[in-house]
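Work out the full structure: start from the sequences and follow the hints.
Given next are the chains, with one letter for each unit.
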Amino acid sequence: MITDETKSDDWVSLVLFEIAGLTFGTALQSVAAVRGGRDERGTILGTPRAATRRLEFKDESGRAQHLSIDAFHGIWRAPVNELRRLPQIVNNSSVVAGVWLRAGALILLIKLEQLQA
Amino acid sequence: MRASDRVKKKPALLKDFRILESVVAAELPIAEALANAPLRASGGEARASEEFFVFRVGEFMLGVASTLVREVTRASSVTPIPRAPSFVLGVCGNRGEVFPLIDLLRFLSIGESRLSAKTRVFLCQGGGVTVGFLADQLYGLRKIFLADKLPPPASLGNVHDFVQAVVRSSEFGTLVLLWLPKVIESARQKAVSR
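Same order as they appear, the protein sequences are chains A and B. Sequence positions in the first sequence follow the working numbering and run 1 to 117. Sequence positions in the second sequence follow the working numbering and run 1 to 194.
In short, the hints are calculated from the structure, not lab data. Even glycine gets a Cβ: it sits at the ideal position worked out from N, Cα and C. Honestly, I wouldn't trust all of these hints.
Facing chain A, a subset of chain B residues (Cβ under 7 Å, in silico) [unchecked claim]:
(1) Arg83
(2) Ala187
(3) Ala191
What follows is the structure in structure tokens.
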């Protein structure tokens, strides 16, 4: 949980990936595996162009799902004080947990388990 | 009273003390000056006014209360949000703060803004929320006399609810003054109800 009183030495581990030119992040704990494979089905995050890899995860009901991605950008440790909740006006999507302000760029943090693959 | 006497006198700092004595000698005693002082400001000085931040979006000249505008910035990279309302172009970051970027034309259902190098974003505070609004051109602050405000015409349709007044201006033509807190609150409700 992100609170206003987070300590600067708190970190979270994020998996960064790319779909249709946009970079997204998700909690490392939510990713079961990253595998190769072509599946060009899109989601609300966009339709992958190359679809060279897939993130495997379990949805809320525990069923195995996967998300096709164009690129896997590795696992990053992000300081919690660089994370932000989404503003109320756009905080209507249960899929987007918040953003990571990474060197001036905003990376949307996705709740994989909420994603309808 | 002669016409020349009606010219507004401005306060001045007397720096040359050599002439101070002669100046004071020629002036009215303070009690007499106060006795002659008017009870209230006259003419144009007394006209109540409000300050508005004026901008153009598409072909519309719009104004919002200047007290609500916090900052102006460039439209830097916008991160789109899945399933956000169409009038929310995405979120932007500014000095460690994340704010939604709203296209007023889409919100008011009167068109669609186009992002360009000249596009600017003004940040507004309303209801504890910071929101960025797109503008094609900024004109800055203008004083609007209350007496010049006209009620919004019914022809404004959907926009009517968010308009506090219309002003006929030689500089801008028709200037539409928006209730920005209403816009922000309505945007929030639309987002929640989706």
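Hint check results:
Interface restraint check: arginine 83 of chain B against chain A, minimum CB-CB distance 4 Å, threshold 7 Å, status holds. With its C-beta approaching chain A no nearer than about 5 Å, alanine 187 of chain B sits inside the 7 Å limit, and its interface hint holds. The interface hint given for alanine 191 of chain B is met, as the beta carbon of that residue sits about 5 Å from the closest beta carbon of chain A, less than 7 Å.
The structure fails none of the hints (numbered hints given earlier).
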